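S.K.: Its first residue numbered 945, the sequence shown is counted upward by one per residue in the working numbering.
Source of the hints: derived by calculation from the structure; they are not laboratory data.
There's no promise every hint is true.
Below, in silico cross-link-like pairs of lysine-lysine (DSBU-like), each with a Cα-Cα straight-line distance of 35 angstroms or less [to be verified]: (1) Lys1066 to Lys1096; (2) Lys1066 to Lys951; (3) Lys1096 to Lys1011.
DEER-style ranges, computed between Cβ atoms [said to hold, decoys possible]: (4) Ser1000 to Thr1108: 22 to 32 angstroms; (5) Ala1062 to Arg971: 32 to 42 angstroms; (6) Thr999 to Asn1064: 18 to 28 angstroms.
Keep in mind that this is a model prediction, so the values were computed, not measured.
Ideal Cβ positions, reconstructed from N, Cα and C, are used throughout, including at glycine.
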Amino acid sequence: MEALGIKRSRSSVYHPQGNGLVERFNRSLLDMLRRHIGIPDWVSHLPALLWVYNTSIHSVTGFSPYKLIFARDPPSDFLPMPMAATDLMFDPATYEAYTDAVRAYLMDQVDMAITQAAGNAKRHYDQNLVPQGFFVGARVLLRLMKHQRPTKLSPMWEPNWFITQIIGSTDPIK
């Protein structure tokens, strides 16, 4: 395995809860699938959804996963066709050194972006809460608990609920 450059990982495919990045990706994929739940053959849309995820710029890193892996911007076409070796616009002998240098630069940029995103998240978290103004007759969404939803891809909120009575203090909890 070492000769092929494969590193052993301690996370298990059968226990993704042990890997926060996998859990976050699963959450993003489920959010995308939830928007396509009305489509009977949603499985056929997985390649397109994965392409969108991998070519979208992520707010924390500032880059798309595609660029971080391949050290170049993704092609504008969906699922590009492989090129013949004669069509290459670079010298394969020096391309590895070039991509290594680009990856090192990108990782430095990602580290700075993650540090900045963590600072932004902390500032956002530390801000004072603005009390939500609820009033009788206001239209609200009702959150459905996991046991109330028939499937994992079902909507998480039920619309068309209205406030009929306000019980107790409306002051935020401190």
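S.K.: Can you list which hints this structure breaks, lowest number first?
M.R.: Hint check: 4, 5 fail, others pass.
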